[in-house]
Amino acid sequence: MADRILSITGALSDRQMRDQYLDSMDIERERGITIKSQAVTVNWEKGAKTYALSMIDTPGHVDFNYEVSRALAACEGCVLLVDATQGIEAQTLSNLYLALQNDLAIIPVLNKIDLPGAKTDEVRATLCDLLGVGPEEVMEVSAKTGLGVRELLDAIVEKVPAPSGDPEAPTRALIFDSQYDAYRGIITYIRVVDGRIEAKDRIIQMKSGSSLVPLELGIVDPFMRPVEQLTTGQVGYVITGIKDVRQAQVGDTITCERSLASEPLKGYKAPESMVYAGIFPLETDQFPLLRQSLDKLRLNDASISYTPETSSALGFGFRCGFLGLLHMQIVIERLEREFGLDLISTAPNVHYRVEMADGSEVTVTNPTQFPENKVKAVWEPVIEASIITPKEFVGDVMKLCQEHRGKMLGMEYLGPDRVCLRYKMPTGEIIFGFFDQLKSRTKGYATLDYAPAGEEKADLVRVDILIHGELSDALSAICHKDKAYEYGLKMTKKLKKLIPRQQFEIPIQAAIGQRIIARETISPLRKDVLAKCYGGDITRKRKLLEKQREGKKKMKMIGNVAIPQEAFISALSLEELDDKDIREKLKAHAKK
Amino acid sequence: MSFSNTRPPLDPDALGEAYLPSDRPFRVYVHIPFCLRRCGYCNFNTFTSSSLAPGLNRESYPSLLEKEMGAVKRWQEEHGVPAKAASSVFFGGGTPTVLRPSQLSSILEAVARTWGVEGGAEVSLEANPDTVSPPTLSSLKRAGFTRISFGVQSWEPRILKILDRTHSPAAAWRAVRGARKAGLECSADLIYAAPSEKRREWERSVRKTASLGLDHVSCYALSIYPRTKMGRMLAKGEIREESDSAQAKDYEIADSILSRRGYAWYEVSNWAKPGKECLHNLGYWRGDDWIGLGPGAHSHFSNLRFWDFSRPGRWSGSVLSGALPWEGEILGEKEEAEEAIFLGIRLREGLSLKKLEEAVGKGAGASLPPLAGLASVRGGSIVPTLRGRLLNDFLARSLMDRFLD
Chain X
1 MADRILSITG ALSDRQMRDQ YLDSMDIERE RGITIKSQAV TVNWEKGAKT YALSMIDTPG
61 HVDFNYEVSR ALAACEGCVL LVDATQGIEA QTLSNLYLAL QNDLAIIPVL NKIDLPGAKT
121 DEVRATLCDL LGVGPEEVME VSAKTGLGVR ELLDAIVEKV PAPSGDPEAP TRALIFDSQY
181 DAYRGIITYI RVVDGRIEAK DRIIQMKSGS SLVPLELGIV DPFMRPVEQL TTGQVGYVIT
241 GIKDVRQAQV GDTITCERSL ASEPLKGYKA PESMVYAGIF PLETDQFPLL RQSLDKLRLN
301 DASISYTPET SSALGFGFRC GFLGLLHMQI VIERLEREFG LDLISTAPNV HYRVEMADGS
361 EVTVTNPTQF PENKVKAVWE PVIEASIITP KEFVGDVMKL CQEHRGKMLG MEYLGPDRVC
421 LRYKMPTGEI IFGFFDQLKS RTKGYATLDY APAGEEKADL VRVDILIHGE LSDALSAICH
481 KDKAYEYGLK MTKKLKKLIP RQQFEIPIQA AIGQRIIARE TISPLRKDVL AKCYGGDITR
541 KRKLLEKQRE GKKKMKMIGN VAIPQEAFIS ALSLEELDDK DIREKLKAHA KK
Chain P
1 MSFSNTRPPL DPDALGEAYL PSDRPFRVYV HIPFCLRRCG YCNFNTFTSS SLAPGLNRES
61 YPSLLEKEMG AVKRWQEEHG VPAKAASSVF FGGGTPTVLR PSQLSSILEA VARTWGVEGG
121 AEVSLEANPD TVSPPTLSSL KRAGFTRISF GVQSWEPRIL KILDRTHSPA AAWRAVRGAR
181 KAGLECSADL IYAAPSEKRR EWERSVRKTA SLGLDHVSCY ALSIYPRTKM GRMLAKGEIR
241 EESDSAQAKD YEIADSILSR RGYAWYEVSN WAKPGKECLH NLGYWRGDDW IGLGPGAHSH
301 FSNLRFWDFS RPGRWSGSVL SGALPWEGEI LGEKEEAEEA IFLGIRLREG LSLKKLEEAV
361 GKGAGASLPP LAGLASVRGG SIVPTLRGRL LNDFLARSLM DRFLD
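Same order as they appear, the protein sequences are chains X and P.
Every letter in the first sequence is one number past the one before it in the numbering used here, and letter 392, counting from 1, is 392.
Every letter in the second sequence is one number past the one before it in the numbering used here, and letter 192, counting from 1, is 192.
Calculated from the structure, these hints are not laboratory results.
Worth double-checking, as some hints may not be accurate.
Stated by the list, open to error - Distance condition first, Cα-Cα at most 27 Å in a straight line; then the derived DSSO-like pairs of lysine-lysine:
1. P/Lys229 x X/Lys553
2. P/Lys354 x X/Lys543
3. X/Lys553 x P/Lys362
Kindly generate the complete structure, drawing on both the sequences and the hints.
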């Protein structure tokens, strides 16, 4: 849709056009999704006047709600785009509520109406119901063919109010995004709310207090184009040449010396991390680079949090907080691609609040912090999930939610055969694989959205993994009591397959405190010798031994067991191990 | 990934320039790249056709070898590499006995003309049990061969078939008897861990070998290489590789039977009656000098290692043009130290602490890594135990990890 608007308004010529123009990251183009909001200004003529429309294309996945809320806070109106072949999705609802909270003009639009599978009438009816509008207010477009897009642009000019700021008031501009560019330093994206900024103005960031003359002021149309000034209502960018990434906080207000403001704008609420994981460089000397990379990435993605952490198995790294699992995967992928790092991450977990017998409290973001003794109660975060599904899958969805300790809050019909189910569930249950399971049990039709909903008491334990009697901290996990055995069984089996045999027997145990709940044994390697060197080929033997030694140097040592990095990577991957033995043991365990 | 040895091979002149004089015994290895047929597990540089390349066939081969000897000798003279008399000569293959005794004899004579052979030197050849007859064996003895090593592999017909060998146990028995009658020292090679081999089959083979009064026995675990007949069978799932613990068990059985019958191990894969160790073989592990002749043969002179071109056409083309048919590498201090360790630790005489300290620096003997159960220090040498023989590569790596980089 954004692509079509860029071409219809002439912002991009056909030659410059490529699919997903605003999704500039490789990951976005490969996955066909939007991760980052992108702001771009286009011109549209209506009547005798030319209007500058600044649009922000926003992500759809629940993990990136924070991006959406930031974007909506910088806007006057929004286009609520609904796929006519899919109908209302769970995130349609949550984004709609965000827009309502921000008092935005909402233009409901049905997209893909040209496709044979479009259920235009049915979806229009549901939208009218939701928004309390008449059917004539729902626009119909096809981004692919361009049908209805001109009418939509006209409607935007008509319905979305002009910026409400005061051109004469002291200058205030909101930083809604920033990114680090290796050549130009930090690029800050701003929306001028009041007054104006001129290229020669000395600007001041009200929260950080830094004061600088911009090197460049400009707009994105969608190319970066320098301008002499940005006036009230305009969206653009500022380059100041600073490279210290802490200087450009998203949510901060920019003012200028010429016309100094006394009160900053409201800014943003800091996002809450939902998922935590340890991230470690494979090569220990990459730790400083990892720190710098995280600092730079945070400019572009304010929702990442991180604190240094040490693991006996993985060395120095950071415990990072993310908005969700997809967000975590994207961040790791971006760190690797954009900064040339090789990373390993621990299994993700949520955070817990542990009340101790003596009345003190511990916040656990890493399983190793989970106290073993004198625990009075453990509180885990919960979410409220909305799942929208065709009605034939309601039973399957309910079963899935129960398996994940969900409590049903309600169920309502959206039209004749779409149902919205609402559940309260532990956050920890939804972040791993739940979405995939939901998709597979509903043939891909169900959609999921969720929002944090406080915390609840839960019966949780920490499962440790011992390799040859040594605790491997990176593999510890906090599980519900009923799932501890399953985790222990699967992890010990996985490790048995992954750890190469060594010269001694290696027990692999899963334990809760002192109690061993599962055990596998890796039998010792009995023969490790080449029988002969054919024709006196000593060189080949020497190279083989050298290669084996190089390989071992790259391994991580847990006690005196050498474990290849790949074993950790596979063990920590969320890929589920499933075999007959596991199924039988779990069945027998359930009977007990 | 950075491996220390990714340098391109060097030509003979560059190698000659880098030669560092060193006084070591000198040995000669002659490769005979012919077989009547290829066995299922074989990945050696050997060929079944009688003509391998233009100008290279069974008839012309001895003269090509002689030409190579001449070129090597000239190289030695040009670069100040001393040409000593050979302390041992070894004909390996392939199947040396595919050539007529008169041909083998003429090759041996050429070696003697080129370098000389020490009086009483060990002169060995490898043979297939079904390529020798009593007259052949007597001719070989007369030509100056002192020792013969038969590829017996097994005494079990079923296993011989699995190994894709053509000879029968009876033929092997006749060959051994004939060799002893001819007055040749006699050795047998056995292969253990053939797919599906039962423990008692292996035991019977070892017992039978030990009962024949041979001087020397070698036992090798079957290694299945991907580009062999057995490798393809393995890939298709038609055969299964024996586990390392089954292989270890077989090795222990062989060691136990052989040592009770008067054979002592002197190298990981070799056992001999006292005084009957193969000196040529020991030379490889002791770091002696040797020249290898023939396609794919390896050579060692002090700090140089080089190898003849494997492809017969390339090899013979080079020899016929009067050039040296090989290329190689110069060993730096690190490589020499690595070799001293992993070669020495394979021997019963062990890795001497003196040699270790020469290689890696003083004080090494006092800071050995834990050798628990794998080796012990006896008479100033690190000597592997039975377990240390089975985990010999691990033992070598532990020592290298301790002393090198």
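Hints versus structure:
1. Between lysine 229 of chain P and lysine 553 of chain X the CA atoms are separated by roughly 36 Å; this puts the pair beyond 27 Å, and the hint is violated.
2. For the given pair, lysine 354 of chain P sits about 25 Å from lysine 543 of chain X by alpha-carbon distance, which is consistent with the 27 Å threshold.
3. For the hint linking lysine 553 of chain X to lysine 362 of chain P, the alpha-carbon distance of about 25 Å falls within 27 Å, and the restraint holds.
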